[in-house]
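Let's have the full structure, built from the sequences with the hints guiding it.
Chains as they are written, first to last, in our numbering: chain Y, 184 to 515; chain G, 3 to 374; chain B, 33 to 182.
It is worth saying that the hints were derived from the structure and are not from the lab.
A virtual CB, placed ideally from N, CA and C, is assigned to each residue, including glycine.
Incorrect hints may have been included.
What the hints assert, rightly or not - The calculated DMTMM-like cross-link candidates involving lysine to aspartate or glutamate, where the alpha carbons are at most 20 Å apart (straight line), are:
hint: 1; chain 1: G; residue 1: Lys57; chain 2: G; residue 2: Asp328
hint: 2; chain 1: B; residue 1: Lys106; chain 2: G; residue 2: Glu60
hint: 3; chain 1: B; residue 1: Lys41; chain 2: G; residue 2: Glu208
hint: 4; chain 1: G; residue 1: Lys66; chain 2: G; residue 2: Asp325
hint: 5; chain 1: Y; residue 1: Lys321; chain 2: G; residue 2: Asp325
hint: 6; chain 1: Y; residue 1: Lys495; chain 2: B; residue 2: Asp134
hint: 7; chain 1: Y; residue 1: Lys321; chain 2: G; residue 2: Glu45
hint: 8; chain 1: Y; residue 1: Lys321; chain 2: G; residue 2: Glu39
hint: 9; chain 1: G; residue 1: Lys66; chain 2: B; residue 2: Glu154
hint: 10; chain 1: B; residue 1: Lys106; chain 2: G; residue 2: Glu208
hint: 11; chain 1: G; residue 1: Lys66; chain 2: B; residue 2: Glu73
hint: 12; chain 1: B; residue 1: Lys166; chain 2: B; residue 2: Glu146
hint: 13; chain 1: G; residue 1: Lys66; chain 2: G; residue 2: Glu56
hint: 14; chain 1: Y; residue 1: Lys321; chain 2: G; residue 2: Asp37
hint: 15; chain 1: G; residue 1: Lys295; chain 2: B; residue 2: Glu146
hint: 16; chain 1: Y; residue 1: Lys219; chain 2: G; residue 2: Asp140
hint: 17; chain 1: B; residue 1: Lys149; chain 2: G; residue 2: Glu294
hint: 18; chain 1: G; residue 1: Lys66; chain 2: B; residue 2: Glu146
hint: 19; chain 1: G; residue 1: Lys295; chain 2: G; residue 2: Asp250
hint: 20; chain 1: B; residue 1: Lys149; chain 2: G; residue 2: Glu60
hint: 21; chain 1: B; residue 1: Lys38; chain 2: G; residue 2: Glu208
hint: 22; chain 1: G; residue 1: Lys301; chain 2: G; residue 2: Asp328
hint: 23; chain 1: Y; residue 1: Lys321; chain 2: G; residue 2: Glu13
Claimed, not checked - Across the chosen pairs, the derived CB separations fall in these ranges:
hint: 24; chain 1: B; residue 1: Ala162; chain 2: Y; residue 2: Ile339; range: 31 to 37 Å
hint: 25; chain 1: Y; residue 1: Val233; chain 2: B; residue 2: Arg89; range: 42 to 48 Å
hint: 26; chain 1: G; residue 1: Glu241; chain 2: B; residue 2: Lys106; range: 54 to 60 Å
hint: 27; chain 1: G; residue 1: Val296; chain 2: B; residue 2: Arg59; range: 36 to 42 Å
hint: 28; chain 1: B; residue 1: Glu167; chain 2: G; residue 2: Gly232; range: 55 to 61 Å
hint: 29; chain 1: Y; residue 1: Lys251; chain 2: B; residue 2: Thr93; range: 55 to 61 Å
hint: 30; chain 1: G; residue 1: His194; chain 2: Y; residue 2: Phe236; range: 42 to 48 Å
hint: 31; chain 1: Y; residue 1: Leu239; chain 2: G; residue 2: Pro191; range: 38 to 44 Å
hint: 32; chain 1: Y; residue 1: Leu249; chain 2: G; residue 2: Glu60; range: 39 to 45 Å
hint: 33; chain 1: G; residue 1: Val273; chain 2: Y; residue 2: Gly234; range: 52 to 58 Å
hint: 34; chain 1: G; residue 1: Arg298; chain 2: Y; residue 2: Phe236; range: 56 to 62 Å
hint: 35; chain 1: Y; residue 1: Leu239; chain 2: B; residue 2: Ala162; range: 25 to 31 Å
hint: 36; chain 1: G; residue 1: Val296; chain 2: B; residue 2: Ala162; range: 34 to 40 Å
hint: 37; chain 1: Y; residue 1: Ile339; chain 2: G; residue 2: Leu157; range: 46 to 52 Å
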Amino acid sequence: MPHDLFREIARLVLYVVGLVAFGAFNAAYLSLLERKESAWFQRRRGPVEVGPFGLLQPVADGLKLLSKQLLVPRGADVLLFKLAPVAVITPAIMCLVVIPFSETIGARDFSLGLLMIYSFGAINVLATLLAGWASNNKYSSISAARVVAQNIAYEIPLLLIILALVMDTHTFNLREIVELQSGGFWQWNIFQISTSPLMPVAFLIYVICMLAETNRAPFDIVEAESELIAGAFTEYAGMSFGLFFIAEYVNVVVGSCIGTILFLGGWQCPFGLLPGLHWFLVKLYLFCFVVIWVRWTFPRTQFYGLLNLSWKILIPLSLIHLVVTAILVKLF
Amino acid sequence: MTIEGTTIHRETFVINLGPQHPATHGVLRIKLTMDGEYIVDAEPVIGYGHRMHEKMGENRSYTKFLPNTGRIDYACALSNGHAYVCAVERLAGILVPERAEFLRVITTELNRIASHLLWAGAFLVDLGGFTPLLYTFDDREAILDLLESVTGARLTFCYFRFGGVCNDIDEDFIEGTRRFIARMRSRMPMYHSLITHNVIFRGRCEGIGEIPAETCRRYGATGPVLRGSGVSYDVRKAEPYSAYPLFDFDVPVYHGGDCMARYLVRLDEIVESMRIIEQAIARLPEGPVMAEKVPRTLKPAEGRCYFNLESARGNFGVRLVSDGSDTAYRLKLRSPSFSNFSLFRECSRGSLLPDALALLGSLDLVIPEIDR
Amino acid sequence: MRAFGKYLKEIVTGSWSLLVGMWITLRQIPVRPVTVNYPYESLPMTNRFRGHVELIRNDETGEPNCVVCMACQKACPSNCIRVEGHKPEGAPHRIPTLFMLDFTTCSLCGLCVESCKFNALEFSREYNQASLSKEDYQMDLLQRGGKETH
Numbered sequence: 184m185p186h187d188l189f190r191e192i193a194r195l196v197l198y199v200v201g202l203v204a205f206g207a208f209n210a211a212y213l214s215l216l217e218r219k220e221s222a223w224f225q226r227r228r229g230p231v232e233v234g235p236f237g238l239l240q241p242v243a244d245g246l247k248l249l250s251k252q253l254l255v256p257r258g259a260d261v262l263l264f265k266l267a268p269v270a271v272i273t274p275a276i277m278c279l280v281v282i283p284f285s286e287t288i289g290a291r292d293f294s295l296g297l298l299m300i301y302s303f304g305a306i307n308v309l310a311t312l313l314a315g316w317a318s319n320n321k322y323s324s325i326s327a328a329r330v331v332a333q334n335i336a337y338e339i340p341l342l343l344i345i346l347a348l349v350m351d352t353h354t355f356n357l358r359e360i361v362e363l364q365s366g367g368f369w370q371w372n373i374f375q376i377s378t379s380p381l382m383p384v385a386f387l388i389y390v391i392c393m394l395a396e397t398n399r400a401p402f403d404i405v406e407a408e409s410e411l412i413a414g415a416f417t418e419y420a421g422m423s424f425g426l427f428f429i430a431e432y433v434n435v436v437v438g439s440c441i442g443t444i445l446f447l448g449g450w451q452c453p454f455g456l457l458p459g460l461h462w463f464l465v466k467l468y469l470f471c472f473v474v475i476w477v478r479w480t481f482p483r484t485q486f487y488g489l490l491n492l493s494w495k496i497l498i499p500l501s502l503i504h505l506v507v508t509a510i511l512v513k514l515f
Numbered sequence: 003m004t005i006e007g008t009t010i011h012r013e014t015f016v017i018n019l020g021p022q023h024p025a026t027h028g029v030l031r032i033k034l035t036m037d038g039e040y041i042v043d044a045e046p047v048i049g050y051g052h053r054m055h056e057k058m059g060e061n062r063s064y065t066k067f068l069p070n071t072g073r074i075d076y077a078c079a080l081s082n083g084h085a086y087v088c089a090v091e092r093l094a095g096i097l098v099p100e101r102a103e104f105l106r107v108i109t110t111e112l113n114r115i116a117s118h119l120l121w122a123g124a125f126l127v128d129l130g131g132f133t134p135l136l137y138t139f140d141d142r143e144a145i146l147d148l149l150e151s152v153t154g155a156r157l158t159f160c161y162f163r164f165g166g167v168c169n170d171i172d173e174d175f176i177e178g179t180r181r182f183i184a185r186m187r188s189r190m191p192m193y194h195s196l197i198t199h200n201v202i203f204r205g206r207c208e209g210i211g212e213i214p215a216e217t218c219r220r221y222g223a224t225g226p227v228l229r230g231s232g233v234s235y236d237v238r239k240a241e242p243y244s245a246y247p248l249f250d251f252d253v254p255v256y257h258g259g260d261c262m263a264r265y266l267v268r269l270d271e272i273v274e275s276m277r278i279i280e281q282a283i284a285r286l287p288e289g290p291v292m293a294e295k296v297p298r299t300l301k302p303a304e305g306r307c308y309f310n311l312e313s314a315r316g317n318f319g320v321r322l323v324s325d326g327s328d329t330a331y332r333l334k335l336r337s338p339s340f341s342n343f344s345l346f347r348e349c350s351r352g353s354l355l356p357d358a359l360a361l362l363g364s365l366d367l368v369i370p371e372i373d374r
Numbered sequence: 033m034r035a036f037g038k039y040l041k042e043i044v045t046g047s048w049s050l051l052v053g054m055w056i057t058l059r060q061i062p063v064r065p066v067t068v069n070y071p072y073e074s075l076p077m078t079n080r081f082r083g084h085v086e087l088i089r090n091d092e093t094g095e096p097n098c099v100v101c102m103a104c105q106k107a108c109p110s111n112c113i114r115v116e117g118h119k120p121e122g123a124p125h126r127i128p129t130l131f132m133l134d135f136t137t138c139s140l141c142g143l144c145v146e147s148c149k150f151n152a153l154e155f156s157r158e159y160n161q162a163s164l165s166k167e168d169y170q171m172d173l174l175q176r177g178g179k180e181t182h
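Next comes the structure, spelled out in structure tokens:
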């Protein structure tokens with residue numbers, strides 16, 4: 184008994200360290216990927232100085248952020264101000280706990296994994312609101328009000344899509360959802376026309392909602408650089424800004440992980456040969472590439488255009504998808 | 003039971019679109035009184051960039067003021083120089099040789115294209131799309147290289163002199179200009195499909211920032227702002243100057259009055275400028291580039307003169323009062339950005355903040371030109 | 033019904049425009065970058081590029097062509113140039129003993145170069161003018177060797 188307990192504790196510690204390292208490492212190198220990718224689109228080079236091909240640039244950025252003073256503006260609510268970065272990064276890393284990276288790697292095989300991820304996603308809104316409110320800055324308050332409206336509007340179609348998917352898979356457990364997609368790529372949920380002919384459309388809706396939930400362009404009204412300087416994060420300096428920055432990228436990673444697990448087959452190989460962690464990582468980073476590609480191509484949507492898109496286009500489409508899936512699941 | 007006579011008191015707050023801001027191109031301060039996300043009032047505070055160019059015009063001789071003209075509006079520096087030089091030439095009775103007129107037109111039109119490309123990139127940055135800026139700057143580099151090979155400068159040109167231009171062009175310049183025009187013509191479809199047809203851009207610009215033609219007339223707005231509201235007024239056609247009567251070009255006019263109309267006017271103006279340059283290069287006459295017998299210290303006759311021309315932003319005017327000495331008695335500069343900006347207060351009332359910023363961006367302001 | 037058709041059409045054309053835009057940016061990836069890796073590589077300046085002015089020296093004697101006529105000093109709008117000279121015994125014209133250029137106020141307008149009738153001034157092609165001290169910009173043009181080739 185003590186031997187099992189010892190093994191369990193060791194496994195837990197290993198996973199905690201591993202997940203935090205995975206999250207931080209991914210966030211750091213996603214920021215480099217973003218800078219390099221934006222440079223390729225804009226026909227320039229991106230960071231090349233620090234390290235070969237700029238590979239040590241995130242280290243330099245991290246050192247710079249660590250070396251700055253953490254300022255608290257006058258009149259700010261000190262407790263909430265310091266709590267907000269912590270409140271932003273904790274749910275992001277917690278979501279990584281239930282994600283199965285391959286058949287054997289996964290911190291916790293939780294039967295309600297999908298539900299847990301979206302519960303934590305909702306805390307994200309609260310943390311940004313805290314940051315905007317506690318800054319004692321008019322620009323931050325405006326952006327905090329916007330983030331609430333945006334995130335609420337985009338959680339609804341997201342949850343409707345998830346609901347339709349769960350109707351088909353009959354489980355919230357992420358590992359089982361991936362195992363149901365084994366075989367070739369025609370088994371992946373995105374191509375399951377028999378479940379619902381609107382599956383590819385559901386995937387697109389998922390991508391759009393994920394972009395909006397993680398406040399990535401073209402839905403980055405929250406931190407609209409050209410209007411509100413940095414929005415809710417204007418008053419943060421040094422590593423507290425760094426934590427917001429890291430949390431944004433970890434959210435992108437979590438969203439991409441869920442997208443690959445739900446729709447693209449997780450760790451399954453396209454031809455059913457050699458499933459494993461490598462396929463998961465390939466799909467994850469392709470997803471991140473597309474997320475960054477979308478950011479650097481389009482201008483920002485108008486705020487009411489964003490809400491219109493959600494309430495008038497995405498929600499009706501996802502409701503139709505839900506109804507169609509329900510009918511087909513019942514009949515077959 | 004009814005409650006009568008209660009009004010909900012909506013609290014407004016004042017926010018400062020401060021002198022340092024990514025979206026106001028230059029040091030411009032606007033005090034916005036906002037009701038939530040809606041603008042109740044937008045009070046501009048200008049003067050942060052006042053450099054006293056008009057006073058310097060009174061203290062320096064006519065020749066010594068020439069470098070100043072390039073700094074008033076740095077994005078379209080040659081137009082400003084052109085206006086000043088033509089005003090003095092009119093007072094002093096100097097005639098400019100034909101080749102110099104053609105060179106002035108070619109370089110000014112190239113500068114106009116460069117200014118519109120700069121505006122297009124910066125406007126997209128205001129809206130949140132950062133990539134088209136780099137594409138327009140890539141095209142702009144070709145123009146700046148051409149102008150550097152002729153004048154020696156890339157942004158603030160001091161190329162025009164009283165009686166002509168200071169340097170002549172060579173075959174490389176003509177060849178380079180032809181190559182640039184061919185390249186730019188092939189890039190225009192790319193800009194249209196990347197930006198103009200993009201549904202997000204159209205949502206940000208169509209129907210936003212409507213300026214009726216009557217408002218333009220009241221505030222004296224000119225240039226693409228006026229032509230985007232349906233009034234076909236271009237100084238190059240209404241009061242032709244320099245070599246423009248010899249060329250065949252159209253004046254693009256759109257009737258929407260919104261940001262999209264102004265954007266389309268400027269993109270079409272790029273194409274029209276290319277037409278003018280092609281015709282000018284094809285018909286470039288031989289001859290001197292500088293009038294003969296222009297005195298070293300110019301002392302124009304006593305009198306007054308007003309000269310206006312079409313710069314990239316609108317109607318740029320120079321009013322010169324001379325008292326017969328070698329410095330001007332009064333030099334007044336009429337900048338188009340000042341008049342274009344003055345209608346912002348009225349037109350932004352009741353709109354959302356991002357819409358007002360789209361309107362501000364589409365007016366194509368250069369703040370140092372407002373403050374002079 | 034017509035409104036519904038319009039709604040669907042807008043969704044389709046809107047999505048198509050987004051995909052076209054994404055294809056345009058993707059097309060730029062294999063293209064060679066247009067930027068130059070400064071300061072490891074740099075571009076040559078054109079012949080007429082305006083760097084700070086330099087004295088032109090006579091090919092045979094190595095002495096500057098300047099005859100201290102003060103035309104450049106009078107022509108400069110910003111009072112950057114200070115010239116002093118004297119006429120030694122038996123020399124055909126005056127020679128400069130001091131030729132200071134205050135580059136902090138120079139606006140590279142070219143009026144000095146144009147006003148010189150003795151072919152004594154020309155533009156250099158230097159643009160690497162960053163420095164930590166103001167004294168570096170008080171250029172003594174007599175000491176400098178002439179136009180450096182860049």
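Among the hints numbered above, which are violated by the structure, and what are their numbers in rising order?
The structure breaks hints 5, 6, 10, 11, 12, 19, 20, 24, 26, 27, 30, 32, 33; every other hint is satisfied.
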